[in-house]
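Novice: Make the full structure from the sequences, and use the hints.
Here the protein sequences come in this chain order: A and B. Counted from 1, the first sequence has number 230 at position 230 by the UniProt record's numbering; the numbering is strictly sequential. Counted from 1, the second sequence has number 232 at position 232 by the UniProt record's numbering; the numbering is strictly sequential.
Where hints are given, some of them may not hold.
[As the list claims (entries may be wrong)] Result set (SDA-like, lysine to any residue): computed pairs, CA atoms no more than 20 Å apart in a straight line: (1) 34(B) to 157(A); (2) 34(B) to 50(B); (3) 34(B) to 149(A); (4) 34(B) to 165(A); (5) 34(B) to 65(A); (6) 34(B) to 152(A); (7) 34(B) to 254(A); (8) 52(A) to 65(A); (9) 34(B) to 252(A); (10) 34(B) to 140(A); (11) 52(A) to 46(B); (12) 34(B) to 143(A); (13) 52(A) to 126(B); (14) 34(B) to 150(A); (15) 34(B) to 260(A); (16) 34(B) to 142(A); (17) 34(B) to 24(B); (18) 34(B) to 23(B); (19) 34(B) to 146(A); (20) 34(B) to 154(A); (21) 34(B) to 162(A); (22) 34(B) to 46(B); (23) 34(B) to 220(A); (24) 34(B) to 151(A); (25) 34(B) to 163(A); (26) 34(B) to 153(A); (27) 34(B) to 63(A); (28) 34(B) to 253(A); (29) 52(A) to 63(A); (30) 34(B) to 139(A); (31) 34(B) to 251(A); (32) 34(B) to 159(A); (33) 34(B) to 19(B); (34) 34(B) to 255(A); (35) 52(A) to 129(B); (36) 34(B) to 257(A).
[Stated by the list, open to error] One-sided excerpt, in silico: chain A residues whose CB lies under 10 Å from chain B: (37) 62; (38) 78; (39) 281; (40) 303.
Just so you know, the hints here were simulated from the structure itself, not pulled from any lab data. Don't be surprised by glycine CBs; every beta carbon is placed ideally from N, CA and C.
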Amino acid sequence: MEDQTTVRGTAPRGGAGPALAGGPPATRTAGDPPTAPPAGGAPTKPAATITKTWRQRLRADWPLVAMTLPAIGLLLVFHYAPLLGNVIAFQDYSPFVGIRDSQFVGFWHFSRFFTDPLFWRATGNTLLITAFQLVFFFPVPIALALLLNSILNSRVRVFVQSVVYLPHFFSWVLVITLFQQILGGAGLVSQILRESGNSPLGIMTDPDTFILLVTSEMVWKDAGWGTIIFLAALSTVNQSLYEAAAADGAGRWRRTWHITLPALRPVIVLLLILRLGDALTVGFEQFILQRNAVGSRAAEVLDTYVYYTGIVNGDYSYAAAVGLFKGLFGLALILAANRIAHVFGEQGVYSRS
Amino acid sequence: MTLVSETARRRLRSSRPERAPWEEPEGPLARIGKGLALTAIVLVILGPLYVVLLTSLSSQETITEAGGLVMVPDGLTLDAYRAVLGGGVITRSVLVSTGVTVVGTVISVGLSILCAYGLSRPGSFMHRPLLFTVLLTFLFGPGMIPTYLVVSGLGLVDSYWALILPSAIAAFNVVVLRSFFMSIPQELIDSARIDGAGEFRILASIVLPLSRAVTAVVALFYGVGYWNAFFNALLYIDDTRMWPLQLVLRTFVLDARDLPAGAGGIQQAVDSAPSLALRMAVVMIAVIPILLVYPFVQRHFTKGVIIGAVKG
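Specialist: Have a look at this one:
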């Protein structure tokens, strides 16, 4: 998974000696102590490096290992420990008793949420929003990237790019605040409508159009940022392809259709897979912030449901079960989507090998 | 899997050539259409910021006259900012957010650089398991409830560390840095080693100076994350006096509620300045730091991010 991403060029990286002994001789062995003469790993006899014991390798590489430890430690505490903490989903957990002494109840909490209409409403909302975003958000960055790519004046292009990236760095609180100031009942648009004798907009509080609202917020915030990856892919296209196509009489649109879009295909498939893997995650902040304004009927998604049942109502085990279900389902989705990508001959997130 | 090749990077660096000789010139309709589309996009993004900025700088009379948000400048004043920053919760939240952002960014960037460099040499001792530990965090999140229990179990509720430590390491940023470090020519590092430099020395004197752009981008990502931290604060900070700016923004601006008891300051502030201007001033205070840092880092985005990061 990792090495395909990162190893570039053909020369073996330092330290790759043992693994790549069949290739060109390593110029250097794995982090030999700088002061010591090259020990077993002299370039001429790579075979000697294979016999290095883990002790020798540790002595040679300890600074590298030590460097990773603080970060690894944080991940262990704040990522892996909570991962294990998911056992409370199978317990009748009480904070007063603690994880160790809480009673195991098997899949009871799972059967609870399966028969809970509120859970299904949250799931339905989440899937609806995901589906809506796939249709109405996903293509926007692609279109925007094509538009930006077609601008020949580099000054204009760079300026527009800086502007469209910007909202990505605003917090959701800020984005929703700005939307409220412009589109809210007391906002700018309503202000203008009222002056011209019309009734003000209600979109910020209307549950029926909520899905439109969250998607536009999403587009405003992240469509520009989404173009970055497509622009990068576009810049890899061999220009002589366009020239050859033009020589063969292909117009602008045909060139886009037959050269540009195929070039974007791997990226599109990759992002689609990632989005599908996140089908049950539509974001937390955006919804919790607007839940009061539009009501939970439209704004309750799985993440806010977990928050309300778990943190607010204190039903930790139940909420953890919902969270675990959501995580496992997402993992299964991403694996399945990746498989499908392989069937279509795309690379996907990771390769088969 | 590398989506962006060496040639791509070279082309990103050099600006795109003007129209190729074989390319047909655009028709007037296409030019007008594109111009309109771009203008609309820029207006939709910058327009709200302009209106909010102007309102925050306006006096009560101007706001009343406009009936709300102000679109035409008239008698600009800094009163709202003076009131908002004259002590009380908002000032305090600005200080909290600034402190958390600075401390958090330093910790995150420092640890991420160390981690990325430690993982930048395939084949080194324990390289695969350590790298796997980092990459696995991409695939599966631990979930909100268990994380909450761990953080509160560590006694971090109502501690600024709760805003920093749980989100201190983002695997994505480590991968970005690592890819960049691995693209640094091996000969440079070898020659430093021959001169007797240890790993820490190589990192500090060779690798980091070459990695300024990517470090700046990663620092921006972390910094913006801390500045925007809302979720962690909502979960872990109960004490209103410890609220970061985003929570104040939600309560005071989005919900248009007055700040909870103990807020102080703001009541007097309301008397001396218009409340819409006050609220818009808080919005601007949340925006300004990003606007200040953004231009310096923005030009490195393509260069710094795409090089390493294109990965799931």
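Novice: It remains to establish, for every hint, whether it holds in the given structure.
Specialist: Cross-check of the supplied hints:
A distance of roughly 12 Å separates the Cα atoms of residue 34(B) and residue 157(A); the hinted pair therefore holds under the 20 Å criterion. For the given pair, residue 34(B) sits about 23 Å from residue 50(B) by alpha-carbon distance, which is inconsistent with the 20 Å threshold. Taking the CA atoms of residue 34(B) and residue 149(A), the gap is about 12 Å. The hint holds against a cut of 20 Å. Taken as a hint, the residue 34(B) and residue 165(A) pair is honoured in the structure, with Cα atoms around 19 Å apart against an allowance of 20 Å.
A hinted pair counts as satisfied when its Cα atoms are at most 20 Å apart, and residue 34(B) with residue 65(A) does not qualify at roughly 53 Å. Distance restraint check for residue 34(B) and residue 152(A): the Cα-Cα separation of roughly 11 Å lies within the 20 Å cut-off, and the hinted pair is therefore satisfied. Between the alpha carbons of residue 34(B) and residue 254(A) the distance comes to roughly 19 Å, so the proposed pair stays at or under 20 Å and holds. Among the hinted pairs, residue 52(A) with residue 65(A) is consistent with the structure: their alpha-carbon atoms are about 17 Å apart, no more than 20 Å.
For the suggested pair residue 34(B) and residue 252(A), the alpha carbons sit about 15 Å apart, so the restraint of at most 20 Å is met. Using a Cα cut-off of 20 Å, the hinted pair residue 34(B) and residue 140(A) holds, with the two alpha carbons roughly 15 Å apart. Restraint check for residue 52(A) and residue 46(B): the C-alpha separation of about 61 Å exceeds 20 Å, so the hint is violated. The hinted pair formed by residue 34(B) and residue 143(A) meets the criterion: a straight-line CA distance of about 12 Å does not exceed 20 Å.
A hinted pair counts as satisfied when its Cα atoms are at most 20 Å apart, and residue 52(A) with residue 126(B) qualifies at roughly 14 Å. A distance of roughly 9 Å separates the Cα atoms of residue 34(B) and residue 150(A); the hinted pair therefore holds under the 20 Å criterion. Proximity of residue 34(B) to residue 260(A) is assessed by CA-CA distance (about 19 Å); at most 20 Å being required, the pair is judged to hold. This hinted pair checks out: residue 34(B) and residue 142(A) have alpha carbons roughly 16 Å apart, not beyond 20 Å.
Proximity of residue 34(B) to residue 24(B) is assessed by CA-CA distance (about 16 Å); at most 20 Å being required, the pair is judged to hold. Taking the CA atoms of residue 34(B) and residue 23(B), the gap is about 17 Å. The hint holds against a cut of 20 Å. Of the pairs offered as hints, the one joining residue 34(B) and residue 146(A) holds, with about 11 Å between alpha carbons and a cut-off of 20 Å not exceeded. At most 20 Å may separate the alpha-carbon atoms for a hinted pair to count; residue 34(B) and residue 154(A) meet this at roughly 14 Å.
Restraint check for residue 34(B) and residue 162(A): the C-alpha separation of about 17 Å stays at or below 20 Å, so the hint holds. Restraint check for residue 34(B) and residue 46(B): satisfied, since their Cα atoms lie roughly 18 Å apart, inside the 20 Å limit. Under the criterion of a C-alpha separation no larger than 20 Å, the hint pairing residue 34(B) with residue 220(A) is consistent with the structure, at around 19 Å. Simply put, residue 34(B) and residue 151(A) have alpha-carbon atoms about 8 Å apart, close enough for the 20 Å limit, and the pair holds.
Taken as a hint, the residue 34(B) and residue 163(A) pair is honoured in the structure, with Cα atoms around 16 Å apart against an allowance of 20 Å. For the proposed pair residue 34(B) and residue 153(A), the alpha carbon gap of about 12 Å is at most 20 Å, so the pair holds. Distance check on the hinted pair: residue 34(B) and residue 63(A) sit about 55 Å apart at the alpha-carbon level, beyond 20 Å; violated. In summary, the hint linking residue 34(B) to residue 253(A) is supported, as the alpha carbons are separated by about 15 Å, within the 20 Å threshold.
Distance hint between residue 52(A) and residue 63(A) is fulfilled; the C-alpha atoms sit about 18 Å from each other, no more than 20 Å. The hinted pair formed by residue 34(B) and residue 139(A) meets the criterion: a straight-line CA distance of about 18 Å does not exceed 20 Å. Note on residue 34(B) and residue 251(A): the hinted pairing holds, with a Cα-Cα distance of about 18 Å set against a maximum of 20 Å. Our distance criterion of 20 Å between C-alpha atoms is met by residue 34(B) and residue 159(A), whose separation comes to about 15 Å.
The hinted pair formed by residue 34(B) and residue 19(B) meets the criterion: a straight-line CA distance of about 16 Å does not exceed 20 Å. A distance of roughly 18 Å separates the Cα atoms of residue 34(B) and residue 255(A); the hinted pair therefore holds under the 20 Å criterion. Distance restraint check for residue 52(A) and residue 129(B): the Cα-Cα separation of roughly 18 Å lies within the 20 Å cut-off, and the hinted pair is therefore satisfied. Proposed proximity of residue 34(B) and residue 257(A) is supported: the alpha carbons are some 19 Å apart, at most 20 Å.
With a cut of 10 Å, the hint placing residue 62(A) at the interface with chain B holds, because the nearest CB-to-CB distance is about 7 Å. With 10 Å as the threshold, the beta carbon of residue 78(A) comes within range of chain B, its nearest partner Cβ sitting at about 5 Å, so the hint holds. Taking 10 Å as the C-beta contact cut-off toward chain B, the hint placing residue 281(A) at the interface holds, the least distance being around 8 Å. The beta carbon of residue 303(A) comes within 7 Å of a beta carbon in chain B, closer than 10 Å, and the hint placing it at the interface holds.
Checked against the numbered hints given earlier, this structure breaks hints 2, 5, 11, 27; the rest are met.
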